[in-house]
Amino acid sequence: MLAWRLLLRYFSASVHEPSRHLDQLAKQRLMSTETEDLQSAIDTARAQLDAQTVEMVHWHFGEATGSPFWLQKKAELNFDPLTEIKSFDDLKKFPLFEDDWLRGGPVRRWIPQGLADKPAYVFETGGTTGVPKTRVVMEDHWIDYERFSDTLPDQYFPKGSNWLMLGPSGPRRLRLAVEHLCQHRGGICFCIDLDPRWVIKLIKKGWMEHLEEYKKHCIDQAITVLTSGHDIKCMFTTPKLLEALGEALEERGTSIAEIGITGIFSGGTEFTPQWTRYAVEELLGGPPEEGGVYMTPTYGNTLMGLACSKPITAADGYKISYYAPQPRAVTEVVDMDDHTQLVGYGETGRVKLYTLTREFFVPGFLERDEGEREAPFARYPWDGVSGVRPYRSLEGGTTVGVY
Amino acid sequence: MLNLHALRWGKPYESLEKKEVVHFDTGEPIAEVSQVGGGIVQRDLRRADKARAALRQFSIDDLIARCKQAAELFASGDLPMGDGTQSVDQFVHQQSASTGLPEHMCRANMAKNSFVLSHIDEILAALTRGLDPSILSRGYGDEGRGAPVSYQSRTPILGAVLPNNSPGVHTLWLPAVPLQVGLALKPGSQEPWTPYRMIAAFMAAGLPGEAFGLYPGGHDAGNAILASSPRSMVFGSVQTVQQYAGNPKVQVHGPGWSKILIGDDVVDDWEQHLDMMVESVLSNSGRSCVNCSSIWASRHTREIAQALAERLGPVEVRSPLDEQSQLAAFTVPAMATGTWSMVEQDLREAGVTDMTADYGPRLVEKERCAYLRPMVVHADSAERAVAMKEYMFPFVSVVECPQAEMLKRIGSTLIATVLTRDDAFAEAAVDCTEIDSLNLGPIPTNRLNWLQPHEGSIVEFLYHSRAFQSAEF
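Respectively, the protein sequence lines represent chains A and B.
For the first sequence, this note's numbering gives the first residue as 237, with consecutive numbering after it.
For the second sequence, this note's numbering gives the first residue as 1155, with consecutive numbering after it.
Simulated from the structure, these hints should not be mistaken for laboratory data.
The beta-carbon is built from N, C-alpha and C at its ideal position, and this holds for glycine as well.
Just so you know, not all the hints are guaranteed correct.
Claimed, not checked - Computed Cβ-Cβ distance ranges for the label pairs, DEER-style: (1) T364/A x Q1396/B: 33 to 43 Å; (2) T364/A x G1360/B: 47 to 57 Å; (3) L313/A x Q1396/B: 48 to 58 Å; (4) Q1499/B x M444/A: 48 to 58 Å; (5) W434/A x A1262/B: 40 to 50 Å; (6) D552/A x D1286/B: 56 to 66 Å; (7) N1157/B x W434/A: 34 to 44 Å; (8) G1360/B x K441/A: 27 to 37 Å; (9) R1292/B x E487/A: 28 to 38 Å; (10) G1492/B x A614/A: 46 to 56 Å; (11) V1486/B x W434/A: 25 to 35 Å; (12) G1360/B x E487/A: 26 to 36 Å; (13) T490/A x G1293/B: 31 to 41 Å; (14) N1603/B x T490/A: 50 to 60 Å.
Stated by the list, open to error - With a cut-off of at most 27 Å between alpha-carbon atoms, the simulated DSS-like pairs for lysine-lysine come out as follows: (15) K1403/B x K440/A; (16) K1403/B x K437/A; (17) K1562/B x K1543/B; (18) K1543/B x K441/A; (19) K329/A x K369/A.
Said to hold, decoys possible - Covered stretches of chain B (in silico footprint by chain A; criterion: 3 or more residues with CB under 8 Å from a CB of chain A, positions within the stretch not fixed): (20) 1159-1172; (21) 1195-1209; (22) 1339-1346; (23) 1388-1400.
All chains, please: the whole structure from these sequences, using the hints.
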């Protein structure tokens, strides 16, 4: 009915400007087709997510395949996940995942029996003081980063080129993940370590001079690697270190672009549109087509994996929208007071994460961040989140943006 | 609503990130202030040499003349402000609205800043002991007694991380400009007005925009200014003071713990000095580091506290537009409630008496802001923790302490007014290294002599006296 009204309106208005309105009609038809295509993609993605949910619940709660942790939890639940979880939405029947469960051992309780024979890594998060949270991983970090690799434009992240990983290693998964990404794309990864636990201690102690020196220590090493003929074209680094690297290179009369970097994948701490604008306009010499350097922000953590960013542009106000790697992980933006309710598109809420892989199951975890809910689009036909920033109720309680 | 941009060596920069400044009482938006990060600050400070070079195009005498013109414009002109303009009345209203200070106090602070700038020639002459300004500009010269002198600028710019609480402190960085040193300022989030207006006045007086950077932002921007400026000043808490103590690059301004010390020879006549005590405690709503936070005497302390309580206790919250208003609002109510909790803790100690208890509640909570009415407490000994406390409202402890112990017990003291005719006590006060600025006689702690250094000489901070010789060849 609506379509007929629209057609009538176009035809009645097109008497004086027929060609213009034919163009508009064509555009509308195209848009209509695009809308239908998008809806179809959304439906397909949702069906995949529902299927993944059911499969992963059966895996993690199956007596032969599940982890000791979840099999024990199953007994505490007032429902049977094997029969009552039939879709992604049914995951809301689970209580919220508590990250404190991840503190302390034995870590083997998290290993699904179906993967018991696989070599396992343990990755830690937090831990500046007290017991860090641990996640056991076999291959998830490889899979996550291989999927992320598919989103990188080859023009700026050339296959076979070498990488620099400038960021936290130690007990974190980031170094191994980035190194795998590099190897997956045919390159060799050079690594410079930064210990975020020490950085947080320096900030808390107010030892800002030490902080500056430590940052300089990392950047000096990075510049040495970048200027030693290793043909490094791509890198991972955190926003703060990218800023420091760019400044240090300019003090030496060169720049990130001049030193040969064409692709940067950055993450680990909060990205704001203003920071991104500063980085693009002033550190990277403009948008990729002008400055020759492509930077993509990412959002993630040890629990979920890696959410990719919609390409950022000046025209869009450098808005950063992240999309989780569905169906392996999901981000939702939920009501601040009721985590079972999504907020409307464009509205602000708290970020809720889900992880649905064979190695790890998180049926809903309230992240320490808030943001705005973003609509699906062709490349990622599921919800995203933009404007990610520390959750206002927790702000000040945590040290963010540290490295 | 005004849109205040960052200023990057004279060029406005509109950030994607803005912070709204709202009226403390009504919530009415007053301005949006562009926020910049540390990266932008560091990047700009790499070009700080150009700021000094721009000022060195002018002689110091010329800069002084333009400063005087700027003082006039600051105090009475309509000036460009962000994407609009600002009259004096608008400035006063806006500053009062965001800081919580009564409007008449904003005018007083405005007059103080303007006064300093309009007398900058006398101030520089006093601080340099009459040095010919061209010697600073040229770097060397003859002092006039046949003695060669040389002063080397330690920095092309003075960085400053400015406070929210009192617009009077801006007098401290003003002398940099006629000394041919540029400015990189991070305005306080609630008090961007004075630095913005002052820079606008400088530029309207013909000074080059290249000499000025204004970087509103978070801690990141402040830290970048302090890390990247060869010389900077910061205003903050005890923690801030501790953090930068011993750092020759940073002049740190924290709590003042200013005091009035009454000698045994004068204390029986304490009533003659009550007005001076009240002014020292109450002026500028007790917000300044130069406000008196404790009064020390060996006897009559209870009577002194009682008399002060009778004067200060009844002071009421009034509209910021009221000329009689003596109290500034806490624009963040949690700061008032938090301060009140600390005061309650102080009062729990044995030997501490709340002398203003009979004058109604001290904490006044409103919908969007809160007030703390003046407090006078009596401490029966210097051992009491309250003797060393300073809060951001008119709060004074009257401390009973033998004169012989006084100077050993007072601790760090920005301004000490010492009432005595006892030469030995006065001499001991002169020698006491805990005291930064000394007033001998009944001078209120808040009345500064601008011809004298405040927490160190700005000239010595910015210029280094060194040996210099030259020979013909």
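Against the structure, the hints come out as follows:
1. In this structure the hint that T364/A and Q1396/B lie 33 to 43 Å apart at CB is violated, the actual value being about 21 Å.
2. The hinted window of 47 to 57 Å between T364/A and G1360/B holds, with their beta carbons roughly 52 Å apart.
3. In this structure, L313/A and Q1396/B meet the distance hint of 48 to 58 Å, their C-beta atoms being roughly 52 Å apart.
4. Taken as a hint, the range 48 to 58 Å is violated for the pair Q1499/B and M444/A, whose Cβ atoms sit roughly 30 Å apart.
5. For W434/A paired with A1262/B, a C-beta distance near 48 Å keeps the hint of 40 to 50 Å intact.
6. Distance hint for D552/A and D1286/B: a CB-CB separation of about 58 Å, consistent with the stated range 56 to 66 Å.
7. In this structure the hint that N1157/B and W434/A lie 34 to 44 Å apart at CB holds, the actual value being about 41 Å.
8. At roughly 46 Å, the beta carbons of G1360/B and K441/A sit outside the given window of 27 to 37 Å.
9. Distance hint for R1292/B and E487/A: a CB-CB separation of about 30 Å, consistent with the stated range 28 to 38 Å.
10. Evaluation of the 46 to 56 Å hint for G1492/B and A614/A yields a pass: the beta carbon distance comes to about 51 Å.
11. The beta-carbon spacing between V1486/B and W434/A, approximately 33 Å, falls within the hinted interval of 25 to 35 Å.
12. As the Cβ distance of G1360/B to E487/A is approximately 33 Å, the hint placing it in 26 to 36 Å holds.
13. Separation of T490/A from G1293/B is about 33 Å and conforms to the stated range, judged on CB atoms against 31 to 41 Å.
14. A C-beta distance of roughly 52 Å is found between N1603/B and T490/A, which places it inside the suggested range of 50 to 60 Å.
15. With a C-alpha separation of about 22 Å, the suggested pairing of K1403/B with K440/A holds against the 27 Å cut-off.
16. With a CA separation close to 23 Å, the supplied pair K1403/B and K437/A stays within the 27 Å bound.
17. For the proposed pair K1562/B and K1543/B, the alpha carbon gap of about 17 Å is at most 27 Å, so the pair holds.
18. For the hint pairing K1543/B with K441/A, the CA-to-CA distance comes to about 24 Å; that is within 27 Å, so the pair holds.
19. For the given pair, K329/A sits about 25 Å from K369/A by alpha-carbon distance, which is consistent with the 27 Å threshold.
20. Chain A is given as covering the segment 1159-1172 of chain B, and this holds because 3 residues of the stretch bring a CB closer than 8 Å to a CB of that chain, at least three being needed.
21. Three residues within the 8 Å Cβ limit are the bar, and the segment 1195-1209 of chain B against chain A gives 3, so the coverage statement holds.
22. For the segment 1339-1346 of chain B, the assignment as covered by chain A is violated, since 0 residues bring a beta-carbon within under 8 Å of that chain's beta-carbons and 3 are needed.
23. Counting residues of the segment 1388-1400 of chain B whose CB lies closer than 8 Å to any CB of chain A gives 3, so the stated coverage by that chain holds, three being the minimum.
The structure fails to meet hints 1, 4, 8 and 22 from the earlier list, while all remaining hints are met.
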